[in-house]
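Chains as they are written, first to last, in the working numbering: chain Y, 1 to 189; chain W, 1001 to 1187; chain G, 2001 to 2299.
Please keep in mind that the hints were generated in silico from the structure rather than gathered at the bench.
Only a predicted model underlies this, so the values are computations on that prediction, with no experimental measurement involved.
Note that CB positions come from ideal geometry on N, CA and C, so glycine has one too.
Among these hints, one or two may not hold up.
As the list claims (entries may be wrong) - Some chain Y residues flagged as far from chain W (calculated, every beta-carbon gap over 12 Å):
no. : residue
1   : K29
2   : D31
3   : T44
4   : L46
5   : Q52
6   : P122
7   : W133
8   : S145
9   : S149
Claimed, not checked - For each label pair, taking beta carbons as the anchor points, the in silico distance ranges come out as:
no. : chain 1 : residue 1 : chain 2 : residue 2 : range
10  : G       : R2280     : W       : M1109     : 49 to 55 Å
11  : Y       : G120      : W       : D1121     : 41 to 47 Å
12  : G       : M2062     : W       : Q1005     : 22 to 28 Å
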Amino acid sequence: MIDKVMKDLEIRFPLLQLVREQHNYLHVKVDKASAIDAVLMAKTSLGFKTLQLISTVDRLEENRFQMTWILENYGTTSILLISADFPREDCIVPSLSDIWPAASAFEREIFEMFGVSFPGNPREGEDFLLEGWKDIPPMRRDFDSEEYSMRVFGERQPREHTDPRQYIGDIVGEWNTPMGAKRARKEKK
Amino acid sequence: MYCNQRPEKPGNKIEVFEKITNMARANSLWVTAYGTGCGAIELRPLHTSRFDMERFGIAMRPTPRQADVLIISGYLATKTLKRVIRVYEQIQDPKYIVALGSCTINGGMYFDSYNTLNVLDKYLPVDVYVMGCMPRPEAIIDGFSLLMRKIKDGRAQGWKHYKENLDYYRENQKKIITDWDLPDYNW
Amino acid sequence: MSNIISIVVTIAASLIWGLLLGGISRTVTARIHGRMGPRVTQNFIDVWKLFRKKTSIHHGGMFWMAPMFRITGAICVLLMVPIVIGNSVTWNMSFAGDVFLLIYIMFFGCLGMALGAGNSGHPYAVIAVSRGLAQMSSYELSFSIAVVAIAVGLHTFRIEGIVAAQQAGISSWNIFRFPFASAGALLAFLPMQMAYPFGIVLAPQEIPIGPPTEYSSRFLSLMFSGRALFGVAKLVLFVSLLFGGASSWLSLFVKTFLLYMYPVVVSSVFPRFRTEQSIRFLWFVPTTLALVDLVRVML
Ligand code: SF4
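Isolated chain Y, as found in the complex (with noise of 0.2 Å):
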């Protein structure tokens, strides 16, 4: 079946790779234009017809988005991953929400999420899981979370020490008799 599959798939896109990570498991990686384009085919000829997933890598270093569709076809129990490399400024991609209703709450969330738009999405720009927001999108790499979060949320206190005496020592009170503080300065030298 997934033999199939890879021969139809290469007739008719350039694939940039290729890895059969299982025997009904295939990994296809596409140039940007031809990205939609394969994910449709999968869908009306190949018999992938259930969209489980759209999901976003950042590769900050490479500065490209790596958009992939995870589809599987129940028939067959196999799953087909196609990726596609989009530029990381003012990055667009095609929505395919018109064909998978799904499709479109995966495409609000990687929007609040990495900036990414999908014109055609009938309800994008909705706040999905983040309300309000006005930073850049939190899941972009160059997003420092640690910062925000104490900027926003202010400072934690955190514990300056990790050795327990420090804290517990004087509830607990063993080291406060003669035999805990002997130990404790023994300890110390």
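Based on these hints, arrange chains W and G with the ligand on the given structure of chain Y.
Okay, now just chains W and G with the ligand, sitting in the frame of chain Y:
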């Protein structure tokens, strides 16, 4: 129907009456069934025959109208905080907050997350903290017994504190909820 | 004056007994589940706590009236039923009532509750009310037929007469003289107490607590007291109708206690019917049973 006035100060009560009522309050804590973080998982065993919280008179109510206690079970996203404020203000006085887990104390393991707040006490008045990540049911029962002791002594006054320092809490809340669309006074 | 005293005594005693029965039933349910369960006095604590909570949410006129309707209905039933036979304190107005008046008043209490819950505007409450009314129309039918069968058999509609006719020993109790009608009435007693498998009104899995969803603090406290009173009223009515009435306080307590435990025990071991299953069951089984006795009596 919303009230658009500031909350009025709770009046003085007859002391003996209040003492008896405090005993009743301590022995009949009704909890809003609302879980915000992963700590809610460990709340469920409290219903079962092994831990059985009904023997303390603690019961779950599905609506904030009838509850006394709001349990913040762990990390709180800003989006959830909005709903939690709404729920908290609909609970009728007197009301108490029990906060579970290290996330509510200082952010816990989500201290650097972009979306979960670090110190809960800035936004809502917490009466009892329960330590642990996540607290076991025994620890939660222990926290409840501390709350019961506080109520009996009349020390669980978080709700009064909230009303008196409403401006402080509102300022903090509005700082992190950027699209504030709640009614300002909602009693 | 003595009338007023007797009314107050009746109401206070049945309120305390009703709340206590509720507490006992919670403990019994917990023990069946293998838990410790709450205190027996838990219901008193709850009612007192709720009564002292602040009340600032309400939804209009009918919302205020509903708990009153319920309590009024319960008190009326209590005053119309001979609670302890021959006791001047609790005899009240039972000389005046007939059975259909009682059934009507009971319905009136539930109807007020339904209107109040509808007025609160919460969708769960409205769903619960529509389910409750559908179910009520089905169990009221079998209950009424059972009552008619008994009344025709004894040639009296007066509740006093029905009680008086059962005073000749245990074998003269209506449950032995009219076994089918009694079975129908006792089956109808389960949905009246909202016990499983007929608990579609308070179904905690779908419409968490049904009609009183929007009721808070003091309203809820009144509602709880109303439910306790109403429960006792129903128990006393059933004891008078089927179990020969009560000739002393002790026998009243024993009989109502045993009768109250019956839905509790049934309810803690059964799952819940769906709405249409419940209504179909109530239309066919108890109604048929009651009809058998009615036909037998008529012939
Ligand atoms: S304290 Fe631990 S268990 Fe509780 S919410 Fe935080 S991470 Fe989860």
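Structure-based check of each hint:
no.: 1; hint: K29; verdict: holds, 31 Å
no.: 2; hint: D31; verdict: holds, 33 Å
no.: 3; hint: T44; verdict: holds, 38 Å
no.: 4; hint: L46; verdict: holds, 39 Å
no.: 5; hint: Q52; verdict: holds, 25 Å
no.: 6; hint: P122; verdict: holds, 22 Å
no.: 7; hint: W133; verdict: violated, 8 Å
no.: 8; hint: S145; verdict: violated, 5 Å
no.: 9; hint: S149; verdict: violated, 5 Å
no.: 10; hint: G:R2280 / W:M1109: 49 to 55 Å; verdict: holds, 54 Å
no.: 11; hint: Y:G120 / W:D1121: 41 to 47 Å; verdict: holds, 46 Å
no.: 12; hint: G:M2062 / W:Q1005: 22 to 28 Å; verdict: holds, 26 Å
When held up to the earlier numbered hints, the structure conflicts with 7, 8 and 9 and fits the remainder.
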